[in-house]
Amino acid sequence: MSPHAPAPYGGGYPDASGGHDPYAEQGAYAGQGTYAGGQGGYADPGQGTYADPGAYGAPGQYADPGGYPGRQDSYAPEPAAPEPVDPQPPADEPADEEPEARKGGRLATAVVFLVPTALALALILRGLGDRQLWRDEHATWWAATLSFHDLSLLIRSIDVVFTPYYVLMHIWIAIAGDSPTAMRIPGAVAMAASAGLLALLGRRLFTTQAGLLAGLAFAVVPVTTRYGQEIRPYAFAVAAVLLSTLLLARALDKPSFKVWVAYTLSVPLIGWSHLASMAVLSAHLVMILIARRDGDKIVGWAYAAACTLGMCFVIPAAISGSGQSGQIAWNNPVLKDLIDFPKNLFGAWAVAVPVMALGALGLFFAGRRALPLAVWIVLPPLATYVTAAQLHLFLPRYLLFTAPAWVLLAAVAVVRIAGPVAGAKAGTGAAARRGLGWVLVAAAVAGIAFQSLPGIRETRQNALGEPDFRGAAQLIEAGQKKGDGIVFSGVMSERRAMDYELRDDAGRPRDSLMYRTPQELGSFGALECPDSARCLAKADRLWLVSTTLDGQPFSGMPKTTATAIQKSFKVVKTKKLQYLQLVLLERTRAATDDPSEDEDDAAKRKVHT
Numbered sequence: 001m002s003p004h005a006p007a008p009y010g011g012g013y014p015d016a017s018g019g020h021d022p023y024a025e026q027g028a029y030a031g032q033g034t035y036a037g038g039q040g041g042y043a044d045p046g047q048g049t050y051a052d053p054g055a056y057g058a059p060g061q062y063a064d065p066g067g068y069p070g071r072q073d074s075y076a077p078e079p080a081a082p083e084p085v086d087p088q089p090p091a092d093e094p095a096d097e098e099p100e101a102r103k104g105g106r107l108a109t110a111v112v113f114l115v116p117t118a119l120a121l122a123l124i125l126r127g128l129g130d131r132q133l134w135r136d137e138h139a140t141w142w143a144a145t146l147s148f149h150d151l152s153l154l155i156r157s158i159d160v161v162f163t164p165y166y167v168l169m170h171i172w173i174a175i176a177g178d179s180p181t182a183m184r185i186p187g188a189v190a191m192a193a194s195a196g197l198l199a200l201l202g203r204r205l206f207t208t209q210a211g212l213l214a215g216l217a218f219a220v221v222p223v224t225t226r227y228g229q230e231i232r233p234y235a236f237a238v239a240a241v242l243l244s245t246l247l248l249a250r251a252l253d254k255p256s257f258k259v260w261v262a263y264t265l266s267v268p269l270i271g272w273s274h275l276a277s278m279a280v281l282s283a284h285l286v287m288i289l290i291a292r293r294d295g296d297k298i299v300g301w302a303y304a305a306a307c308t309l310g311m312c313f314v315i316p317a318a319i320s321g322s323g324q325s326g327q328i329a330w331n332n333p334v335l336k337d338l339i340d341f342p343k344n345l346f347g348a349w350a351v352a353v354p355v356m357a358l359g360a361l362g363l364f365f366a367g368r369r370a371l372p373l374a375v376w377i378v379l380p381p382l383a384t385y386v387t388a389a390q391l392h393l394f395l396p397r398y399l400l401f402t403a404p405a406w407v408l409l410a411a412v413a414v415v416r417i418a419g420p421v422a423g424a425k426a427g428t429g430a431a432a433r434r435g436l437g438w439v440l441v442a443a444a445v446a447g448i449a450f451q452s453l454p455g456i457r458e459t460r461q462n463a464l465g466e467p468d469f470r471g472a473a474q475l476i477e478a479g480q481k482k483g484d485g486i487v488f489s490g491v492m493s494e495r496r497a498m499d500y501e502l503r504d505d506a507g508r509p510r511d512s513l514m515y516r517t518p519q520e521l522g523s524f525g526a527l528e529c530p531d532s533a534r535c536l537a538k539a540d541r542l543w544l545v546s547t548t549l550d551g552q553p554f555s556g557m558p559k560t561t562a563t564a565i566q567k568s569f570k571v572v573k574t575k576k577l578q579y580l581q582l583v584l585l586e587r588t589r590a591a592t593d594d595p596s597e598d599e600d601d602a603a604k605r606k607v608h609t
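Residue numbers (the numbering used here): 1 to 609.
Bear in mind the hints are in silico, worked out from the structure with no lab data behind them.
Just to be clear, a hint being listed does not mean it is correct.
[To be verified] Derived pair list, reagent style DSBU-like, types lysine-lysine, alpha-carbon separation capped at 30 Å:
id, residue 1, residue 2
1, Lys297, Lys254
2, Lys573, Lys559
3, Lys570, Lys481
4, Lys575, Lys482
5, Lys481, Lys573
6, Lys258, Lys297
7, Lys538, Lys482
8, Lys576, Lys559
9, Lys481, Lys343
10, Lys575, Lys559
11, Lys481, Lys576
12, Lys575, Lys481
[Unchecked claim] Simulated DEER-style distance windows between Cβ atoms:
id, residue 1, residue 2, range
13, Gly127, Lys559, 34 to 44 Å
14, Leu527, Ser152, 43 to 53 Å
15, Gly105, Gly525, 27 to 37 Å
16, Asp531, Leu309, 53 to 63 Å
17, Thr563, Pro354, 51 to 61 Å
18, Lys573, Gly465, 24 to 34 Å
19, Asp136, Pro558, 23 to 33 Å
20, His149, Leu309, 24 to 34 Å
21, Lys559, Leu379, 45 to 55 Å
22, Gln390, Asp136, 14 to 24 Å
23, Gly465, Ser152, 24 to 34 Å
We put the CB at the ideal spot given by N, CA and C, even for glycine.
Turn these sequences into a full structure, and let the hints steer you where they fit.
Structure, rendered in structure tokens:
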């Protein structure tokens, strides 16, 4: 451990050396004067010497030239009164000690990581493919199933910042397929790993109990399941932030070239997953400044080099993405959005209130870790809210990476409050009381899980306000005939959604109004036919998929298109689904025109090429 590295915990009882919070596993060996800090060394770990060399007298006192003439290496033992030795700090006021991450070896580290990961994965995998894809997930599927050439055209106009994620999903879909279950597995693994990474981070910064409690609690909060089942990069953003922070804590605790290289490589992972997550670097900077204040002069240069090199891989995409901010220009939050932020961040008020209340209390117990964690949880939401009119980044899912820090602080508060019962001040029966401490940790996880159950059940349902495109596709497949056409009305990306739901149907209705494919436009949307009557001439029946909110199925399309359809077709059947109407129309009379085939009739081609 670097002599200048920050102590693992600084919020405990004060002592002469600025002592740290005592936990049962972290304290000095009570009643023993051999070691001072539980570090495996003697009282001065930097020197490796005995606690007080003076206790054995000065070197000259052992020489007795008069005893054996001519010999200087002999001495006659004489009783010597030992110099007083500084008393060992009491058990509840331990000296600086090594982080918990060094205790227990690799097996303990594996257990701390795997237990929360397994719990989170079990919750996420349950019903993984049941929930329908929603608009953003349809966008991921669309971009990830494009050829690399078509993807390169797409990112020139939109979503360039998600290029690494789309490439990853492109490779994954080529291997595993594009079913909802298959496409959600990468995000599920990333979010489950986040719970384990949070446990390791809590163990390194505080104690094993705090780390495990944080990891297990994060595994059961609703947003972990919700975004672990999301075909978007938010789970990867959380994992990248936690991995990077863990590597930085490791580098500050025990610097090495390999760890700093790993941290350098983690910086672009944060930016590639989501640019808003780069705000966590402000918390990293605070950690560096604290280390420099404690005397580590090298760490500043190492951090500057790591961030500079890491940012070189992010800045080009950020610059390109700044010209594409129009795609999220709709996001203009108001005060109510700020007030509802905790609920939306954690998935329910019943979870947000206790976690954030305990998290705020945890700041008082976090010692020197309090400031970096406070910056982590406070700065990103405030900064994105203040700049929302320009950057449009204030969205709970964009700021999901702040939730683990809240959970970690809450875990610190719970474990610290339990300290007098199960910690170093517990007195006799320490082993039994430590066991009681783990019981309290389990009780805290059970309480959070109980509060989270309604939210977890809700996450497995279709996204609120999203149309039932899967139900519409099933009705079409059951009732379609050769030569049917399909048209769309609304602003809910109906074409892309139905293209996904009907992707495996070789006889699916022809997209009668599509004039230019999205690939040709380098966009997520197609260009519809300027002459609707001409494009509809060969269709005897039409399936109209409408997501209009006013209940009028034709109100969500251009007036000329609606007029052409109503003039030549009559409504045969209407089926109302959740936030969607499916209307079957049949032609009333033969078309008066016999248009020749358009040599560039994109409507006859598959949307994907």
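Violated hints - listed by number, lowest first:
9, 14, 15
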